[in-house]
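Position chain B relative to chain A; hints supplied.
Protein chains in written order, with this note's numbering: chain A, 1 to 75; chain B, 76 to 384.
Treat the hints with care, since some could be wrong.
Just the calculated beta-carbon pair ranges, DEER-fashion [said to hold, decoys possible]: (1) B/Arg317 / A/Gly9: 24 to 34 Å; (2) B/Glu95 / A/Tyr6: 23 to 33 Å; (3) B/Glu171 / A/Tyr29: 22 to 32 Å.
Hints were generated in silico from the structure; no laboratory data involved. C-beta atoms are modelled at their ideal positions from N, C-alpha and C, and glycine is treated no differently.
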Amino acid sequence: MTIKVYVHGELLELPWNTTVKDLHEMMDYNRESYMALVNGRPAPEDRYLEDGDFVKFVRITYHFSPVEGNYEKMR
Amino acid sequence: MRRCDRCGGEAIIYIRAKREALCENCLLTSIRRRAYSVLRRDLSDGDFAVVALSGGKDSSLSLLMTKEFIEREKIDARIAALTVDEGTSYRRASIEMAKKLTSKLGVEHKIVRMRDFHGFSIEDIKGKKLPNERRSACTYCGVLRRQMINTIAREWGATKVITGHNLDDLVQTFVMNLVRGDISALSRFLSREPPSSFLVQRVRPLMYIYEREVAAYCLAAGVPAHVGKCPLTQGMRIGIRRALDEIELISPGFKLNLLKSAEKIISSSRRRLSEGIELRRCEICGEPTTERICKACQLKAELVNIIKG
Chain A
1 MTIKVYVHGE LLELPWNTTV KDLHEMMDYN RESYMALVNG RPAPEDRYLE
51 DGDFVKFVRI TYHFSPVEGN YEKMR
Chain B
76 MRRCDRCGGE AIIYIRAKRE ALCENCLLTS IRRRAYSVLR RDLSDGDFAV
126 VALSGGKDSS LSLLMTKEFI EREKIDARIA ALTVDEGTSY RRASIEMAKK
176 LTSKLGVEHK IVRMRDFHGF SIEDIKGKKL PNERRSACTY CGVLRRQMIN
226 TIAREWGATK VITGHNLDDL VQTFVMNLVR GDISALSRFL SREPPSSFLV
276 QRVRPLMYIY EREVAAYCLA AGVPAHVGKC PLTQGMRIGI RRALDEIELI
326 SPGFKLNLLK SAEKIISSSR RRLSEGIELR RCEICGEPTT ERICKACQLK
376 AELVNIIKG
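Bound-form chain A, shown alone (with noise of 0.2 Å):
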């Protein structure tokens, strides 16, 4: 079974018991420099995604650069 949701505006189909940390993983987006809002809402997340749910990342630090290499760079 499977349900549909829009994701940055892109309908995907997912498991029924695809949780917003499961998108966060499939997505790429860290759990800590980002932020699910479900229809508009931020939400937890071990919630369990609904057919029909809007779904959009937020990031939410500011020390978050476009700048790469810097890790290594420092490493």
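Here is chain B on its own, set in the frame of chain A:
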């Protein structure tokens, strides 16, 4: 819909360390309890608290908590907000948010431009090659803004500067100081007594609150706050943040445990850590420093050269 584990309302966040989901109201109660514990310790009758307000989610929530605390607990303290405009395009949007919030709360608000205070803005260095490879735009911006906030607040008569630093920010700062081996900064980390009468004591109401909690509450409650990223952001903090985030995901509660351990270790050895570190006055601006010339004046001289060059 996921239910709040405390009241059964609609949950907006899952607190991994406690394995519980909370709704907007229960999250606010939890945030309020932790913020008030800091404010109760650090704010008292007769204080003039200046909130360093950028217009972002953290300082906006810090202002809300402090204002609410003073009113609820009937503290005879004055509160005002101070915004530093460092001149970046990104700041313009957040200043509008800061104005909106202070006007809604009826809080006196001062906006000071870096150009008026230092003679240049951070936007002036955009696209220019920085003279020191080890320094990023954030180093210049952070040091110069901190100096502005302290000087302006002190001259305004403030007895406390309230900042929006959350748990994530403080843990990152602690680890950055460790990585750099900066014992002087470590000896002053979270010190409640400023080492000089020229430094206004800082109070951090959100110090035990995760950034995720601040964001979830602000987004759910519609707190007027700017969410975005500075276009000039770079530097060591980004790498440290990513590494700490990875550990937090593997071991929930790690950041809070690290901060509490750091507080205990440093407060018990603060005297020993600060041995041989002497605070004097900067030969150029007169602000307190451990060196002959303070960091702000050193960085300012570097920037003036780049901008002119």
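Taking the hints in turn, this is what the structure says about them:
| no. | hint | result |
| --- | --- | --- |
| 1 | B/Arg317 / A/Gly9: 24 to 34 Å | holds (28 Å) |
| 2 | B/Glu95 / A/Tyr6: 23 to 33 Å | holds (29 Å) |
| 3 | B/Glu171 / A/Tyr29: 22 to 32 Å | holds (28 Å) |
Comparing the model with each earlier hint shows no violations; every hint is respected.
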